[in-house]
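Asker: Input sequences plus hints: build the corresponding full structure.
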Amino acid sequence: MYKLFLTFRYLISKWVAVFSILSVWLCVAMVLIVFSVMDGFLDNIKQHSRGLLGDIIIDNSTLQGFPYYDDFSIYLKEKMPAEIDVVTPVIYSYGIMREPLTSFTKPVRIVGIDFDSYCGVNSFRESLYYDRYYPDTTSLGFAQLPVAGVDEQDKPILPPKLEKAHQSYLNDRDEDKFDETDFYGKTFSSPHGFGEYVQRFGQPSFEGNPLPGIIIGTDVFFHRDKEGFYDRQVLNRGAEIVLTILPLTSRGTIAENPIPVAMRAVDDSRTKVYEIDKICVYVDFKLFQEYLSMGPLERVDGTYTQPRASQLLVSLKEGNDYNAVAPRVEALWKEFLVTLYGSVTPKDADLLTRVGVDTWETRQQAFIQAVEKEKVLVTILFAIISIVAIVLIGVVFYMIVLQKTRDIGIIKSLGATSLGVAMIFIMYGAIIGVIGGILGILTGTTVVANINEIQAWLASRNPNLQVWSPEVYTFDRIPSVVKPTVIFAVFGMAVLTSTLGALVPAMKAAWVWPVKTLRYE
Amino acid sequence: MVLAKATKIHKSYPLGKTRVSVLRGVNLEVRKGEMLAVTGSSGCGKSTLLHILGALDAPDQGTVSFAGEDLFAQKTWKRDAIRNRDVGFVFQFYHLLPEFNVLENVLMPRMVGTPVLSWISSRKTAKARAAEILELVGLKDRFNHRPKELSGGERQRVAIARAIVNEPRFLLADEPTGNLDAKMGKGIMDCLRGLNQNGQTIVLVTHDPLIAQQADRQVRLVDGRIEA
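If you read the sequences in order, they're chains A and B. Here the first sequence is numbered in our numbering, starting from 1 and rising by one per residue. Here the second sequence is numbered in our numbering, starting from 1 and rising by one per residue.
Since the hints were made in silico from the structure, they are not lab data. Since the structure is predicted, the reported quantities are computational estimates derived from the model, not experimental observations. Any given hint might turn out to be false.
Derived DEER-like restraints, expressed as beta-carbon distance ranges [said to hold, decoys possible]:
1) B:Trp77 / A:Phe19: 45 to 51 Å
2) A:Arg519 / B:Leu117: 34 to 40 Å
3) B:Thr76 / A:Val388: 34 to 40 Å
Glycine is no exception: its CB is placed at the ideal position from the N, C-alpha and C atoms.
Answerer: Structure, rendered in structure tokens:
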């Protein structure tokens, strides 16, 4: 009983112990905050990476792409009906885009997608701005320029199709939910305050030549300010854009002269991965395939070349593990190649043999691993900080033991064992770990829960204190996720660290020779 | 009946590069119920002998039997338990725990000998017993005082109360009046005498012949040996 009694009494009577609690408290809070932000960052990266690619990726990592992609899509669905949900082909290439207002040009990565199936494979649709506020009005087909007019009460109004779509958005929206797309637009010329539309007096209408639609990565055109908002005034919906495409042959040479294509900016995509949003534009798959000469072309002998795609993206049905399915898809691909034996031209065979199957995770491994390695690095740093905490607690406890040497002698003279005396200080250390750990976890979780508000408050006091700049980072808000496993691990470490810190002084206490301490006053 | 018996006890301490021999073959018997005074000049080994008799220190050579059992043939934890249960120490400088009040100081030996769960059930009885003993030594109104709020004599009474709270068979007092004035010293001796009259075996170490005279029996330690 005396062990508990003495431990608690020393805890409340020794102010120096407060410093140990404080060090554990701050360490735990700091570790929890940093880990939560890193975990949040990593989770967001993973979520967005997967959201952009789908579960499984099949490609040969060349600009020429590979043939027979359509046949393999059908083959795959037939062979694995329980696993495969949607398969969509994608073409990647590069081009030059001319800005409509300035006539400046920019290099862009062109992604040819089949809009509907691509949105079925990943969460691309969620990244679209206009499609959010005017649902189902975005497509990559031919489109005209939407022009806002005025109604009978002289109020601005969009064409009925867009008005109706916006009404459905208003009906379905969740006002309580924070909507990151609120950052998308700062200035608005639309009647509803969402997006930029050309306005004229008169009736709303669709005007101009029907041109193929193009979805532009948000950061290609829009500049982002320090608060995270995009200035959208530079581009209105339906604006005409000229995209210059460079077609490639299956041998990898430029097939013909660059093709300038006039298109309409029907929407913009913000995947929240800056590296993608600053360079990617999305056009219709079939159209792009045709422009790139990757579609079926007639040979001199009257036969046709095989159409090519750069990539097949596969999404799995619920309950399937992509890590388990990917090797089976790879095996099926090999099986499929056997079925083509004898009917493939040497050029196509070259392209086909390079095809590989990856999961979204292995594809993004370089990036994910970089962040994970950073996490390991931070863990090492915190391990060093923990050692500092151990030393601090050790020093504090050593002081207490030195101060209490006579008390230890007295307790031993009353029959306490050496182990019992050591246990007083070990329990003391453990309790400091528990108290510091609990306080640290409460502080850490509170800070993490309000981290964006805290940063906003700091920035309002002094703009230089804005550590997370949406202008620089991929995400608008500081991502954070408090994982119960991290809480338990950090708490366990706090208790362990404090106990370890108390161990050496506890051993010193256990070795106290009572006769020596009791001889004098 | 012999309660404790020391046979051929030798003890030396390191002093710089040499060793100082303090006890050189001490033989001593303590009979049950007696009050024995060990006298001798300062530094002659009185306290060392007392510590060895109470299992607080170990001899280099020789044996100590307590109630017929060889004390130093026992395991350490067993010896600690005997010290808690059967031995009570009273020191010259009281050695009370400053963070605890009088009642808590007196309860400490009980706490040392009681596991947490047993303490929950026996706490009230222990407190009542401690209060009873404090009343016995004349500290009825001092339960909640800290040691620093007491006089020297009161502190020594608390130390005596603490030493007897477990009703030990053996009470060892090391210069119990050495730090007190004559009046307070007399009060403490009256207290010890009273306990002895109730059957408490007491070994008293003192260099004061007047105090020693109050014991039933006296032995003198000279040059590390009991003077014949």
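Asker: When the hints from earlier in the document are held up against this structure, which numbers fail?
Answerer: 1
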